[in-house]
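A.B. asks: Sequence:
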Amino acid sequence: MEQDSDSESDININSESALQQSRLKLEKRALAISMYGGIFFVFIEFAMAVFTTSQSILMDSVYDAAELIMVIASFRIIPLLYRPTTEKHPFGYSQVETIFVTIKGAMLTAVTVGLVLSNIQIIRDGGHIVPFASVAAFEFSAVFISLIVILVLRKLYKKTNSPLVKVEIDGWIIDSAASTGLGIAFILPKLFNWNWLVYISPYLDQIMAIVLSLFILPVPIKTVIVSLRELFLFAPDSETIENIKEISSSVLSKYNIDVVMYDIIKTGRKLWISLYFTVPGDTISISALAKIQKELETALIYKYPDLYVELVPEFDI
Numbered sequence: 001m002e003q004d005s006d007s008e009s010d011i012n013i014n015s016e017s018a019l020q021q022s023r024l025k026l027e028k029r030a031l032a033i034s035m036y037g038g039i040f041f042v043f044i045e046f047a048m049a050v051f052t053t054s055q056s057i058l059m060d061s062v063y064d065a066a067e068l069i070m071v072i073a074s075f076r077i078i079p080l081l082y083r084p085t086t087e088k089h090p091f092g093y094s095q096v097e098t099i100f101v102t103i104k105g106a107m108l109t110a111v112t113v114g115l116v117l118s119n120i121q122i123i124r125d126g127g128h129i130v131p132f133a134s135v136a137a138f139e140f141s142a143v144f145i146s147l148i149v150i151l152v153l154r155k156l157y158k159k160t161n162s163p164l165v166k167v168e169i170d171g172w173i174i175d176s177a178a179s180t181g182l183g184i185a186f187i188l189p190k191l192f193n194w195n196w197l198v199y200i201s202p203y204l205d206q207i208m209a210i211v212l213s214l215f216i217l218p219v220p221i222k223t224v225i226v227s228l229r230e231l232f233l234f235a236p237d238s239e240t241i242e243n244i245k246e247i248s249s250s251v252l253s254k255y256n257i258d259v260v261m262y263d264i265i266k267t268g269r270k271l272w273i274s275l276y277f278t279v280p281g282d283t284i285s286i287s288a289l290a291k292i293q294k295e296l297e298t299a300l301i302y303k304y305p306d307l308y309v310e311l312v313p314e315f316d317i
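Here the sequence shown stands for residues 1 to 317, numbered as in the working numbering.
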C-alpha cells in the first residue's frame, strides 16, 4: 500500500511538472508573438511618422517601443516564475513578476505624460498639418493586424492564465482602439468640409495625440496601483475574496468546519490562501484534514490555476 502511495505521488509530481513545462512553452510563444508584432509595428510606425510627420503615429511608435523593451525583458523573467518555492524564497519568484509589471506600468505612464507635454508645445507653436488620408489608411490597416494578434494571444492566455500575457493583450487592445479612433478622426476632414473642422485642422494631429494619451493613461496607472498592492502583500480585490469564500464554504460546510479567518495574498499570478478554522469537539485527524485540503484545492484550482492552499487549526488558549 505504501509503495502504491509513493508511486501515485510520483505520478502526480511528474504530471504537474509536465503541465508547468507546457504552460511555460505556451507563455513564451505568446510573448514571442507579441514581441515580433511589436517589432513590426515600431519600425512601420516610425517610418510612417517620418513620412507623414504625424505626432499621433510618432506617439504610437514610442509607446510600442517602450512596450517592446519590456516584452524582451519578460523572456528573462518567465523561467524564474516556474521555479518551486524554497526556504530562501518562500514566495518563489512571484514578486519578481509583480516588480516587473510595476516598472512597466510606471515606464508607460512616464512616456505617455511626456508625449502629452510635447504635443501641447506644438499646439502653442501654431500646430502642424499632416496628410490626413495617408494617416487614416495606415491606422485602419494597423487595427486589422492588431485584431489578429489579439485573437491569437487570447487563445494562448486561456491556456496559461499568465498576468504577463494579459498585460500584452491589454496593450494590443489599447493600440487597436486608439488606431480606430485616429483613423475615424483623420478621415473626417476628407469626407466633410465643416468650417470648424477646417479651423482646427492644423491642430488635429496634436489634439488626437493628446486625446489618445489621455485614453491610454488610466491603464498603466491602474497597473501600477494593482501591482503595488501585490508588492506590499495586500489582499486582492473584493470580488476575488468573495469568490474564494464562496467556493471554500461549499466544500468545508460538508465537514462542519467553521472558518474564522481567511488570509489571502496575491503575488503576480499566484494566490496564497490560508484558512484558519475550528471544528466541533476540537478534534480532527491529520488524514481527514489532508483529504479536505485536497478537495478544497481541487475546487479552487478550476477558478485559480496557480495557488497554494492550507488549512490551519485555530487554537483558543
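It should be emphasised that the hints constitute simulated quantities derived from the structure, not laboratory data. Misleading hints may appear alongside valid ones.
Derived pair list, reagent style DSS-like, types lysine-lysine, alpha-carbon separation capped at 27 Å [said to hold, decoys possible]:
| # | residue 1 | residue 2 |
| --- | --- | --- |
| 1 | K245 | K291 |
| 2 | K303 | K291 |
| 3 | K25 | K166 |
A.B. asks: Hints the structure violates: just list their numbers, smallest first.
C.D. replies: none
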